[in-house]
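**Student:** Given next are the chains, with one letter for each unit.
There are 4 protein chains.
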Amino acid sequence: MATKAKIAILGASGYTGSELVRLLLRHPRVEIVLMTADRKAGQPMAEVFPQFAPFALPDLVSIDSIDWKTAAVDLVFCALPHGTTQTVIASIMKARADIKIVDLSADFRLTNPADYARWYGHEHHALDVQQEAVYGLPELHRAAIKTSRLVANPGCYPTCSILPLAPLLKKKAIETDNIVVDAKSGVSGAGRAAKEGSLYCEVTEGIHAYGVAGHRHSSELDQELSLIAGKPVIATFTPHLMPMSRGMLATTYVTAKRGRTAADLHGIIAQAYAREPFVHVLPLGQTPQTRHVRGSNLIIIGLVQDRVPNRVIVVSAIDNLVKGASGQAVENMNLVLGYPETLGLEQIALFP
Amino acid sequence: MATKAKIAILGASGYTGSELVRLLLRHPRVEIVLMTADRKAGQPMAEVFPQFAPFALPDLVSIDSIDWKTAAVDLVFCALPHGTTQTVIASIMKARADIKIVDLSADFRLTNPADYARWYGHEHHALDVQQEAVYGLPELHRAAIKTSRLVANPGCYPTCSILPLAPLLKKKAIETDNIVVDAKSGVSGAGRAAKEGSLYCEVTEGIHAYGVAGHRHSSELDQELSLIAGKPVIATFTPHLMPMSRGMLATTYVTAKRGRTAADLHGIIAQAYAREPFVHVLPLGQTPQTRHVRGSNLIIIGLVQDRVPNRVIVVSAIDNLVKGASGQAVENMNLVLGYPETLGLEQIALFP
Amino acid sequence: MATKAKIAILGASGYTGSELVRLLLRHPRVEIVLMTADRKAGQPMAEVFPQFAPFALPDLVSIDSIDWKTAAVDLVFCALPHGTTQTVIASIMKARADIKIVDLSADFRLTNPADYARWYGHEHHALDVQQEAVYGLPELHRAAIKTSRLVANPGCYPTCSILPLAPLLKKKAIETDNIVVDAKSGVSGAGRAAKEGSLYCEVTEGIHAYGVAGHRHSSELDQELSLIAGKPVIATFTPHLMPMSRGMLATTYVTAKRGRTAADLHGIIAQAYAREPFVHVLPLGQTPQTRHVRGSNLIIIGLVQDRVPNRVIVVSAIDNLVKGASGQAVENMNLVLGYPETLGLEQIALFP
Amino acid sequence: MATKAKIAILGASGYTGSELVRLLLRHPRVEIVLMTADRKAGQPMAEVFPQFAPFALPDLVSIDSIDWKTAAVDLVFCALPHGTTQTVIASIMKARADIKIVDLSADFRLTNPADYARWYGHEHHALDVQQEAVYGLPELHRAAIKTSRLVANPGCYPTCSILPLAPLLKKKAIETDNIVVDAKSGVSGAGRAAKEGSLYCEVTEGIHAYGVAGHRHSSELDQELSLIAGKPVIATFTPHLMPMSRGMLATTYVTAKRGRTAADLHGIIAQAYAREPFVHVLPLGQTPQTRHVRGSNLIIIGLVQDRVPNRVIVVSAIDNLVKGASGQAVENMNLVLGYPETLGLEQIALFP
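Chains as they are written, first to last, in this note's numbering: chain A, 1 to 352; chain B, 1 to 352; chain C, 1 to 352; chain D, 1 to 352.
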């Protein structure tokens, strides 16, 4: 029997943390040996997330209690808040060269320090470490991820938006100055922090836009779309909060280059992802529902020709906690550890 | 004490029908004297909608049982399905010149018969009557509504989309060839018909686009926007179904004419609606939630300058059953009957 | 035109506070002159509850900023947290004999100081004031409320449970030692405080019991049921939290005294409430839905004969924020001020 | 590599059908070879349930098109409506002695033909076959299931209610004449049929009791509880419909025999299920949430001592589509086929 990699989860008391636990408990090649949650240190996981009561798991500890030099850990998932992450990861990497890290925060996603400072309001505290980070979108950066020590797991909005746009920009099939991404997110994206805006009564039975023209994930979108297009791209991006725990839908409006049809664009995307295990492209004219990826690591993409000539409507759906966070993190772990990319990620969507 | 107008509601067993009852029961100048529901004829309203059990209401009857020549009715609300409406209304208008009609179906909204035939799949059966119809958006057509015998109450999507766009097009402040309306609707818009797609399990905790590039309300949008702009306008329009009973949000992306700022556009809209009782314009940079109009006849509009130069994001919110249907119908009734426009429509949003 | 009473709302930034504002803004005989919210003092109400943006309202102030000796206020609604309420109300009553108070907290509901201390964990700090308080369930204590200076507005669970049980206990029609109340509540009952347990993701699509065998509202139930029965009654009471903003359903299991049928019990309840404006009793065999009272001040009660001989199932439904809190508070205000009891409370349920 | 059993699913277009597909697609020892859905015969499963689009599955066929004598099928899941099931299963069993059947309908659950006739309104049409059926609650009838040709998979309500009560009745620890089961169910229990009562707008944000004192599952409860108690038991049983797709909570009120404490009862249940893979008993005083079993085959049980002496409150939670239907069906399949009972049923609850 193959040995199991020893896994630590920093920040296990949040929703991305618990989603990592859900996935890793059934992953045949890993073992969760360490879980931290500073404010809940000392508690068993079953108190924090009772769905894990039937399972054997280590109790939560504080980060400070860990001696990284001696910890029997092969890979660390870091699900800590933005900002604090930098220092923690820098100290781990300094202590041990052999530990791999998949970071679910935004701290190492932006390659340009000025972008980080502008969008996150302070200088980056671990610029040297950031040089090593790879943006963990396997469909775009698989080779680099495999050999990386530090994977910056993408945000949910960028994952959902970049994947359908990337092949179109790569093939120069669309105009770069008229991209509109209208995105709708489930509430778990806001985390488990007790905030008024995440209360049931503030979210159920309604919808609203937020962070209009100013959401931090715009910076990731800009970076990756520009990288692919080979020139600066600024996409219009409007996130909306809606009453669902999980799920994300991006309705993206693009202008096909003159002479390009929706069928052309569909063909480009379908071909680009023909061998991708976690990308499913619907027949032209069909669009996905978020329900059909709930709990699964899939992204489903659909395209429709608009009534306005040259305009094409692209709809993409993910589970924000899986392909948009912890599932993709496990996918990156698989790549880093040399496992089959789909291992432990075969869950089928829970519908209804 | 003022006399009360005698009101008939055709199709009272659907959601727009019950919403009319809710509003009219508390309207000081009307009396519901007749309610029809063919499949539920003979039943008391309390069986069909138990929330009305405490109130005195006539039992439901079939339409065929009514002799319009002698019926003691001043105004008819028609909440019947598209298509059957035409014949019914034509026969009422033929039988009686003194009965006013507010029609909540789509049958008399399109002025061009070819448009009707194209979007609804058959020739219009009452073209002569249609000549009399006025498109019942009071903010645009108030004077004509007041003297009309037949008001074609607008669809929910057009109401929510046209109101923010109309002043901008009138003032030629935006480009007419790059309008994108991304709309999100509550489920009650699909009515009370027992359809798989409206089942709880098919709608809760998720979102999907539908009727992409082909929703019938596009025809109303085209008609009214073109009328205002003075030239053909085709807006990109994508409706989404989401888990809320009531409510509609339209996120509209427009390109300001060169030299125009978001502040200019905001000023145009704010000024246009400064005296409108049912339009509330938020300060520049703020956007509305559907929850804040739940159960009320208001539309709330907000504008934000995008990061993309010249692009402005406009968000508008209504309750699809009130300003998007029955509330606006009562507003039209008030105009037609010479009542104050806000009479019986002062409900404040139910939040939470 | 009649003069309007001047109303203050202490704690206007919570859900019961905003519900008071919704109701009072449309009440013809009152004027909101003062609203407090300590942490949000200085803010306009439109920032705290944007649904009120279209309405003229005083800005929020801190309680300490009010000089009660000179304040032009006729009646105070107190929607403050349990505990702090006592001191505030005692100081108002000391400063001014002419101000009436309707208190929505639990502070003055329990007549026995020992009960208060046991259930709330500390001695009561205003026992003299408590002597004046009347338990504000109009159907039971109307006469006393009318002449009271201080009305202790009942909790939502007691309101929903006591009203169906009171006539049965009064007529000695049921056993007093086998009453089971299984109650289901909407989330707004937990208030607007940012607590993990009230987050959307923790509440949607599920249900759980809480405070099993130990919920504080048990003390109100015990007190009122014992008072009516003329002997000590302890009801089994299990509250459940479920995914709805508003609404409360109590399914109550009672044992009819030997010889009594469900029809007898139904008759007793129907007769007891025949003239009550806010109690609607369904025909025997029918039971209510919470949706049918959403936003209204009604309680609907239904009874069914169980298969187990002598057992009768009683189901009652209220909107926890209206009849269960702010609506009943306005009802009490009407009684205290000598207004018709239903004034401003004629809202019809919002369904769907 | 072990051979895979060939599985047919009759009625694959409903929610229990799709849930079987979800589970079986990831079961290592089975292969879905046949799926029927009469009204959707000829369609690919991806049209009926788009979440299966990425998977290879046989197209849907009509039942009549199958020749059972020659069909290469080892086991049939029957997820057909009550009533029609009898004839279909009788014909399969007549055609082939070697095919095993797990029936998810109610047709073979009641051992007494008179009970069936009374609760289902017509004589049973396959009484001979019924003699062979075993009530498929593995925790109670495991041995008989293993050797059965026909397993009658229990209803969701009985599963959720019987499991906590069985050990208490077996040990004669509770009174048999004062059992009250207050149950709350998700909407998927009503199936995918397009019924007004299952529409989103009729279910969201509210709760109501239904089938009060007359739900068909009462007959299963009576049968099994009486069997265990060794004397006739009639439990009071009130089902409620609430806004969740999946999940079921039963709050059960029992009277401990004189001298028995809640701790005694807890000990009895905990000991009875100590080795059961799908039963998790919480520490005394804790109660479960439905969310913590969403998508999993677990039942979680908790007990609390009530304030009323001798009364104990028992709360149990299942996913109605898994342990309450398709998961338990797969569990029964594993028993019938001689596989490990937990094979393919290791899914961890999806929360949030």
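Honestly, the hints are just simulated from the structure, not real lab data.
Do not take every clue at face value.
No copy labels: a pair is met if it fits in one copy or bridges any two.
As the list claims (entries may be wrong) - Derived pair list, reagent style BS3-like, types lysine-lysine, alpha-carbon separation capped at 27 angstroms:
| id | residue 1 | residue 2 |
| --- | --- | --- |
| 1 | K40 | K195 |
| 2 | K170 | K100 |
| 3 | K257 | K231 |
| 4 | K171 | K6 |
| 5 | K146 | K100 |
| 6 | K94 | K257 |
| 7 | K6 | K231 |
**Student:** Which numbered hints are broken by the structure, listed smallest first?
**Tutor:** Failing hints, ascending: 2, 4, 6 and 7.
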